[in-house]
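Student: Take the given structure of chain A and dock chain B to it, following the hints.
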Amino acid sequence: MFLLQLKHELWKLFGKKRTYIGFGAFLLAQNAVILMFRFTKATGAIRRALEGGGYPAEAFLTATTIATQVVIPVAFLLLPLYVALVGGDLVAKEAEDGTLRMILARPISRLRLLTLKWLAGALFGISLSLMLGLFGWLFASIWFPQGGLFAIQLESGPAGGFAVFGTAEGAWRYVAAHALLATKAITIMGLAFLFSCFNMKPAAATIVALSVMFVNAILMNIPWFVDYKAWFITHHLNLWQWMFLQSPPRTRMAESLSLLVGFNLTFFAVGAAAFQMRDIKS
Amino acid sequence: MIQLQALRKVFGQRVAVDGFDLRVPRGVVFGLLGHNGAGKSTTIGMLLGQVWPTSGEARVCGHDVFSNRSRALARVGAIFETPVFYDYLTGWRNLEILAGYTGPVAPERIREVVAWVGLTGRDQSPVRTYSHGMRARLALAQALLPAPELLILDEPTNGLDPEGIHEMRETIRRLHAELGLTILLSSHLLSEVQQLCSRITVLHQARKVFDGSLADATRTRNRVRLLTDDFPSAGTALHRDGLITGHEGGEFLTLAEGISPSTVVKRMVELGFPVHAIHREEETLENFYLSLVKNAAQTDPTPVTR
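Chains as they are written, first to last, in my numbering: chain A, 1 to 282; chain B, 283 to 588.
No lab work stands behind these hints, which were simulated from the structure alone.
Please note that the accuracy of each hint is not assured.
In silico negatives: residues of chain A with every beta carbon more than 12 Å from chain B [said to hold, decoys possible]:
hint: 1; residue: Trp11
hint: 2; residue: Phe23
hint: 3; residue: Ala49
hint: 4; residue: Ser109
hint: 5; residue: Leu119
hint: 6; residue: Leu123
hint: 7; residue: Thr167
hint: 8; residue: Phe232
hint: 9; residue: Pro248
Derived coverage of chain B by chain A (criterion: at least 3 residues anywhere in the stretch with Cβ under 8 Å from a Cβ of chain A; other residues may be distant) [claimed, not checked]:
hint: 10; region: 327-341
hint: 11; region: 345-354
hint: 12; region: 357-371
hint: 13; region: 482-494
Ideal placement from N, C-alpha and C gives every residue a C-beta, glycine not left out.
This is chain A alone, in the form it adopts within the complex (with noise of 0.2 Å):
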């Protein structure tokens, strides 16, 4: 029952058109970054770090490389917006709609609802990453040998040196990167359904939440807040990309993983709480 229920909510997200404004948006800036950098002078810089760090630049002058690069503007700039709008609308957008009074005249709790949007929007996050991921080394793949994995060491910032993996353990890296930016994805869109919850417009909610992003993010780029970065959100986001570290930190990273989690559990149990106390009215 609770499967079939969760079906019909992926039928709701996944039959709308602005549900693929994130995987088309996506598709575009992959691809134009990818074609800059086959068509452009940009691999210069790639290799003449490799060659200045002794690695013949052929062998990681690669798809999987190019696809990493990709990934990280796409998914500190565009990736939070789509799975802000989609979250933001999963409960506001049928308040607003009137469909949310039609389903509350059936036998469902108000909290069941709400856990199967919220699944409903998770897979929505997961599968967004995973497709960027996947898109964006297929893309890639077009203009690009397979090979190495070289990788801006971005926990240092970009001048801050390189990795370098063999073909194998730069695809594993690839791949658990994008499982981790799951957790991102998921943790936006948790923020969103969370205003969503609240008698707000679903832009309303959308905004809010990349509101409480941006501020996260200015905050723990103000060079004199380097001591309390732990404290933001948004660094524990960025677990991810310690995955492209020569040395990911394991116990940091499963920290920020049990803070992602704390955060979701919280998001989710504060929506929960002012969902149920308000009055649906048409």
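Tutor: Coordinates of chain B only, in the frame set by chain A:
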């Protein structure tokens, strides 16, 4: 089937429903009447557990709506004033989704209900291609899918053209006659209620001002139609005797308080006037409603129960 006890809802400073008591027996078509903002939709919201009451109790099918909502609503279908659906999905898929919140539904049952409401052949089209009338029928289909015992209709004819209104009225009659459903019909369209309901409750400014049968509402207590040979003389004589307070139109008498038609007949015979016919005059629901509202506006509306 429905039992409300001292139900009250306050939104901020505004009292939306005030101390509403109601009993809707099984098997009736019950009208919930009132002007826009009288508290009808808020009452329905509370009946469905969508609106939390400030105080009071609501029971549906014997179960408390607020503590046992899933049982209370297990055999309830509802339609709201503007039928809304997932426009980008087909009618069939909408039915599957909405019915799925009650429980799994067999395709045969969906097919049966689609045929009952007359949507066969259009159920695989996206709802965005449906006319308003078709949406109303789809709304009815989704309400019927869980095989309800109670159907709650909140302004179901809103936005329908005259043909659609007629069709909806006939459908409600069929639902009652063929399926034996108890129907709670909320409306401000008095003619609809008069044609469909056997019992009514009137809400005015959040309070109940009438609760009783439609027959009681449309029967005037003191106005009778009298057929006699010399109506003006008879009227004058009856007025002189204090049996009536007025006579008009060549055949209508207004009885004095406590005087029955039989007393009038007896006096007429004593005075030698022939009585060809005498009967109480029926009032339209519209006149009854307007007089109720007028009285309620003049005085503190004390609920009337007949």
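Student: Now look at each hint and say whether the structure bears it out.
Tutor: So, going through the hints one by one against the coordinates:
1. Trp11: violated, 6 Å
2. Phe23: holds, 16 Å
3. Ala49: Non-interface label on alanine 49 of chain A holds, nearest chain B Cβ at 48 Å vs cutoff 12 Å.
4. Ser109: Check fails; 7 Å does not lie beyond 12 Å.
5. Leu119: holds, 15 Å
6. Leu123: holds, 16 Å
7. Thr167: Per Cβ check, threonine 167 of chain A is outside 12 Å of chain B; nearest 43 Å; holds.
8. Phe232: Holds: least Cβ distance 37 Å, greater than 12 Å.
9. Pro248: With a cut-off of 12 Å, proline 248 of chain A remains clear of chain B, as the shortest Cβ separation is near 42 Å.
10. 327-341: Result for this restraint: holds, n = 6.
11. 345-354: Result for this restraint: holds, n = 4.
12. 357-371: Holds: 11 residues of the region 357-371 of chain B have a Cβ under 8 Å from chain A.
13. 482-494: Violated, because only 0 residues of the region 482-494 of chain B bring their Cβ atoms closer than 8 Å to Cβ atoms of chain A.
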